[in-house]
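Trainee: If you're matching them up, the sequences are chains A and B in order. Everything in the first sequence is counted per the working numbering, starting at 1 for the first residue and increasing by one. Everything in the second sequence is counted per the working numbering, starting at 1 for the first residue and increasing by one.
Source of the hints: derived by calculation from the structure; they are not laboratory data.
DSSO-like cross-link-like pairs, simulated, lysine-lysine; straight-line CA separation at most 27 Å:
id, chain 1, residue 1, chain 2, residue 2
1, B, K505, B, K384
2, B, K434, B, K384
3, B, K151, B, K517
4, B, K448, B, K248
5, B, K63, B, K157
6, B, K289, B, K147
7, B, K308, A, K28
8, B, K36, B, K248
9, B, K157, B, K517
10, B, K289, A, K28
11, B, K308, A, K22
12, B, K354, A, K58
13, B, K515, B, K505
14, B, K308, A, K75
15, B, K290, B, K147
16, B, K591, B, K383
17, B, K308, B, K290
18, B, K304, A, K28
19, B, K354, B, K452
20, B, K261, B, K248
21, A, K28, B, K290
Pulled from the structure, derived: some chain A residues nowhere near chain B, Cβ distances all over 12 Å:
id, residue
22, S5
23, F6
24, Y8
25, S9
26, Q21
27, K22
28, I40
29, L64
30, N65
31, F67
32, R68
33, Q70
Every residue, glycine too, gets a C-beta built ideally from N, C-alpha and C.
Listed below, chain by chain, are the residues.
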Amino acid sequence: MSRISFGYSVSEGKVINLDQQKPAWLEKIFELEPSLHRCISCGNCAAVCTAGHFTGMKFYRICLNAFRGQTSDLKNDAKACMLCGKCQFACPRGVNIRHAIMLMTQIQKP
Amino acid sequence: MHPFTIPFMAGFTMMFIVLIIRYSNWFRGFSTENRKRIAGRMFTRRSIHALNEIFRESLLHLKIYKTNPILGYMHMSLAFGWFLLIVGGKLETWYYTGNFANPPQYAIFFRFFHPVTEATGIHRIIDFYMEFSLLVVLSGLTIAMVKRIRKQVAGMKNTTRHTLTNRLALTFLWFIFPLRLLAESATTSIHGGGSFLTGITSGLPFHPAVELPLWWAYSISLGVFFVCLPFSRYLHIPTEMITILLKKWGVEPELKLKTNKGLQAFEIHSCSGCGICLDACPAIGVGDKKFQSVYFINEMRNGKDHSKTAELCLSCGSCQQACPVGIQLEPLRISARENLNSEMRFNHTYLPSKMILWRETTDVILFTGCMGRMNPRTTQSMKKLFDEAGIGYVHADEDENICCGRPMVLTGASEQAELMMSRNRDIIHSYNAKVLVTTCPICYKQFKNSYKLNIPVVHHSMYINQLMEEGKLNRHHSNLNFSYHDPCELGRAFDCYEAPREVLKRAGHVVALSKEKEKSLCCGNNMGTILLERENRQQITDKTLMVLSENNPDYIVTSCPVCKNTLSQQSSIPVRDIAEVLTDLPEIKQKTGERLTAMRESHIN
Chain A
1 MSRISFGYSV SEGKVINLDQ QKPAWLEKIF ELEPSLHRCI SCGNCAAVCT AGHFTGMKFY
61 RICLNAFRGQ TSDLKNDAKA CMLCGKCQFA CPRGVNIRHA IMLMTQIQKP
Chain B
1 MHPFTIPFMA GFTMMFIVLI IRYSNWFRGF STENRKRIAG RMFTRRSIHA LNEIFRESLL
61 HLKIYKTNPI LGYMHMSLAF GWFLLIVGGK LETWYYTGNF ANPPQYAIFF RFFHPVTEAT
121 GIHRIIDFYM EFSLLVVLSG LTIAMVKRIR KQVAGMKNTT RHTLTNRLAL TFLWFIFPLR
181 LLAESATTSI HGGGSFLTGI TSGLPFHPAV ELPLWWAYSI SLGVFFVCLP FSRYLHIPTE
241 MITILLKKWG VEPELKLKTN KGLQAFEIHS CSGCGICLDA CPAIGVGDKK FQSVYFINEM
301 RNGKDHSKTA ELCLSCGSCQ QACPVGIQLE PLRISARENL NSEMRFNHTY LPSKMILWRE
361 TTDVILFTGC MGRMNPRTTQ SMKKLFDEAG IGYVHADEDE NICCGRPMVL TGASEQAELM
421 MSRNRDIIHS YNAKVLVTTC PICYKQFKNS YKLNIPVVHH SMYINQLMEE GKLNRHHSNL
481 NFSYHDPCEL GRAFDCYEAP REVLKRAGHV VALSKEKEKS LCCGNNMGTI LLERENRQQI
541 TDKTLMVLSE NNPDYIVTSC PVCKNTLSQQ SSIPVRDIAE VLTDLPEIKQ KTGERLTAMR
601 ESHIN
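One chain only, chain A, in its complex shape (with noise of 0.2 Å):
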């Protein structure tokens, strides 16, 4: 049976695909800051963080995207944090979250 065309389709940022194999450096991290699983992407860490007010970076969506394996900005948005630590008194899931950001600007990317 072939496809019917509704005239649009899901955008591939949408898709949440569990089966694809998250390269070898993300799993390095998620395994060194085993806390990151604990993100639900609430969002205040960046309702408080100074670095997203200038650059719009958010670590709920490094965070997020990095669970479906797009990471093209992961490490030029966490380059922007300045590890001030006030996400970590917002977090509600105790998430260590300048660790995380630590790893990721120390990443080498193939």
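Given the coordinates of chain A, work out where chain B should sit on it, guided by the hints.
Mentor: Relative to chain A, chain B alone:
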């Protein structure tokens, strides 16, 4: 010389050679500036000061006395007692032979070679002195042995877990002095002589055949101990003295930390592993991995992976305050983090630069920092106080705040904090002000130590105290009880303990706590830690709150937004900033009459 002295001589020579090789390696790591400092200051009064400190700290261990007298006596009796024996042995052989330059083994085994000295006055005195010194060492040794079984005897709750080499060296160190006593007693019982101590012990039934084996055993334990010394924690004995000299000569740490280069090498190997930092650490018993300074130093020394011990720590500075050797643990840890995170790259070029068209003139610049944004109440209180005292102010980071850079320094990226710092400096220099007041001790430390601003920096607790002393702020004394929590970055870092307490004493009572001032605990959530999990941080906060809740205070007061946020999340007693206490508590009232008088007086003047 008798062949039984060979083990001692071999061990002693080997220790000497290894020490010279290791030390010359570390010396080679000194930068040219440091070498110049050493050469220029070697023959100045600084060296005499250093010798004084060596006598006080390396031999008498006065700092450990302050921690616990029994622990102090234990260290003193072993170090100073042994020193007395060495000096006494030298004098004894000098007096006896008339030759000062006799070999060391002659003094150490003197009793074997000359069991009976003439019973004239001076010999009796020397014999008595030598046996008294030995008794001092043995008394310290007894405490050390009891401490291994019951550490509470010496007032310790935690003791260090030592590596195999350290335990081997310790065993042989313990054997040395009892064996010396036994060997001397055997000789005395066979040949006569001796003083009060061997006078008692020589009564034991010694067979003439055991005399020589006992001297052999004494010599072997000395030899093994000396072989172990440069590879164990006992390396601190010679290294600590050199470190004191180097520090008095003003030698600075090398820019990049290497465990076998420069001052840092000497500092790392000065650690005696005494474990006093364990009881001082607010995070002791928290988490699976022990990351206290003694373990951190030990891992660095042995070239092991020290990433966990370096990055779990909260950098509160308690261990550095407690360290009897005075090792600069905080800078060491930050340097270790610099090495570990050298790949880290940040990009803060997005930060807007401030264009200065005119410089607004004001009395005070208020900088509330990142955490101030999460505590607007403190900022409001501060502004109310400024208004009340009639002081003009500008809130420098009202709209958007750039981090002061201290959190970045703490993670080991101090160079990359420069851009943020220069942006903040521009903002501060864009005003004509007399003083910069910050409500955050973390910012205060960074401004004070690294910014090189054109105006003085004060923390708001100091500033409020100053205003109260000048009579510009007044409060009626209330019946409220406050317990004050010293923030690490204000208390231990700047010895600022009295200013906030003075402020609180004017408004109420400050209750005494079991751990306060330099011994105060960490709130559990400062920017110093990188890896510590939230659950572990909460455990620390709970322990701190237990201390702060002693004597049931009405309010817990602090002067750091981080401490306030952290404590208030878990506290059943309300937590307030010191500025809020003066403005927001209904019980605390302004002395309006006095204020008006003060204002009138200032107008007349």
